[in-house]
Amino acid sequence: MIHKMYREQQLNCDIATAWEFFSSANNLSEITPKDMNFIVLTEMADDEIYEGMIIDYYISPLLGIKMKWKTEIKQVDFQKSFTDSQKKGPYKLWNHHHEFIINEKGVFMKDSVDYELPLGFLGEIAHKVFVRKKLEHVFNYRYKVLEERFNKKIK
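Per our numbering: the sequence shown = residues 1 to 155.
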């Protein structure tokens, strides 16, 4: 069964700043909870995102068990959107679409994730018991870090 997760957030910055931050895989560890032990393995000299780009990571999604995750950038529309898709990792399917919309306050960001777990009904049980909660934890953490980074009020 394919599951969906959707999040949106207003960022008080210009599109160039938002794009530079989100299109850099090197920033992913900053917006991923520390308990996931997320490490980007791919060295990127210029950090410029492009279609076909392959990025390798280590991640510990459950019980501290370290696993490799490989994603590919499938679509890029400069300063508007990009999509990463899992090539190897914990999911049967993982497509994450990032969209950036310029507005009067800065940039409105949308995250849409389609994902499916392996192992049929056992995967569905795992989803109900802990996977959905873990993904919500990751995206809640991300929201908090982004609020602090882009929307912190100056006193």
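Treat the hints as calculated values from the structure; they're not laboratory data. Keep in mind that this is a model prediction, so the values were computed, not measured. A virtual CB, placed ideally from N, CA and C, is assigned to each residue, including glycine. Some hints here could point you the wrong way.
[What the hints assert, rightly or not] In silico SDA-like cross-links for lysine to any residue, where the CA-CA straight-line distance does not exceed 25 angstroms:
id : residue 1 : residue 2
1  : Lys70     : Gly106
2  : Lys92     : Lys152
3  : Lys66     : Glu99
4  : Lys74     : Ile39
5  : Lys74     : Phe100
6  : Lys105    : Phe121
7  : Lys66     : Lys110
8  : Lys110    : Phe121
9  : Lys133    : Ile49
10 : Lys68     : Gln9
11 : Lys144    : Met36
12 : Lys110    : Leu63
13 : Lys4      : Glu104
14 : Lys80     : Gly106
15 : Lys87     : Gly64
16 : Lys4      : Met44
17 : Lys87     : Gly106
18 : Lys4      : Asp47
19 : Lys4      : Ser23
20 : Lys68     : Gly106
21 : Lys87     : Lys144
22 : Lys66     : Phe121
23 : Lys74     : Phe121
24 : Lys110    : Asn26
25 : Lys152    : Gln9
26 : Lys4      : Glu43
27 : Lys87     : Lys152
28 : Lys88     : Tyr58
[Unchecked claim] If you anchor each label on the Cβ, the simulated ranges turn out as follows:
id : residue 1 : residue 2 : range
29 : Glu147    : Lys92     : 31 to 37 angstroms
30 : Val129    : Asp47     : 21 to 27 angstroms
31 : Gly89     : Lys4      : 15 to 21 angstroms
32 : Lys133    : Lys92     : 14 to 20 angstroms
The hints, checked one at a time:
1. Lys70 with Gly106: Given pair Lys70, Gly106 is violated - Cα atoms ~32 angstroms apart, limit 25 angstroms.
2. Lys92 with Lys152: Not OK: Lys92 and Lys152 at ~37 angstroms, beyond 25 angstroms, violated.
3. Lys66 with Glu99: The given pair, whose Cα atoms are some 30 angstroms apart, is violated under the 25 angstroms limit.
4. Lys74 with Ile39: 21 angstroms, holds
5. Lys74 with Phe100: 17 angstroms, holds
6. Lys105 with Phe121: It is violated: about 44 angstroms lies between the C-alpha atoms, which goes past 25 angstroms.
7. Lys66 with Lys110: Since the Cα atoms of Lys66 and Lys110 sit roughly 29 angstroms apart, the hinted pair is violated (cutoff 25 angstroms).
8. Lys110 with Phe121: 30 angstroms, violated
9. Lys133 with Ile49: Cα-Cα ~30 angstroms, so violated.
10. Lys68 with Gln9: Violated, at roughly 29 angstroms.
11. Lys144 with Met36: 16 angstroms, holds
12. Lys110 with Leu63: Violated: Lys110 and Leu63 sit about 30 angstroms apart, past 25 angstroms.
13. Lys4 with Glu104: 29 angstroms, violated
14. Lys80 with Gly106: Cα-Cα ~13 angstroms, so holds.
15. Lys87 with Gly64: 22 angstroms, holds
16. Lys4 with Met44: Violated. Lys4 to Met44 sits at ~30 angstroms, over the 25 angstroms cutoff.
17. Lys87 with Gly106: Judged against 25 angstroms, a Cα distance of about 33 angstroms means the pair is violated.
18. Lys4 with Asp47: 28 angstroms, violated
19. Lys4 with Ser23: Satisfied, since the Cα-Cα distance of roughly 22 angstroms is no more than 25 angstroms.
20. Lys68 with Gly106: Distance of about 35 angstroms is beyond 25 angstroms: violated.
21. Lys87 with Lys144: Measuring from Cα to Cα gives roughly 28 angstroms; hence the hint is violated.
22. Lys66 with Phe121: 24 angstroms, holds
23. Lys74 with Phe121: With a Cα-Cα distance of about 29 angstroms, the restraint between Lys74 and Phe121 is violated, given a limit of 25 angstroms.
24. Lys110 with Asn26: 20 angstroms, holds
25. Lys152 with Gln9: Between Lys152 and Gln9 the Cα gap is close to 13 angstroms, so the pair holds against 25 angstroms.
26. Lys4 with Glu43: The given pair, whose Cα atoms are some 30 angstroms apart, is violated under the 25 angstroms limit.
27. Lys87 with Lys152: 36 angstroms, violated
28. Lys88 with Tyr58: 11 angstroms, holds
29. Glu147 with Lys92: 31 to 37 angstroms: Check passed, 32 angstroms falls within 31 to 37 angstroms.
30. Val129 with Asp47: 21 to 27 angstroms: About 37 angstroms separates the Cβ atoms of Val129 and Asp47, which means 21 to 27 angstroms is violated.
31. Gly89 with Lys4: 15 to 21 angstroms: 18 angstroms, holds
32. Lys133 with Lys92: 14 to 20 angstroms: For Lys92 against Lys133, whose Cβ atoms are near 19 angstroms apart, the range 14 to 20 angstroms holds.
Violation of the numbered hints given earlier is confined to hints 1, 2, 3, 6, 7, 8, 9, 10, 12, 13, 16, 17, 18, 20, 21, 23, 26, 27 and 30; the remaining hints are satisfied by the structure.
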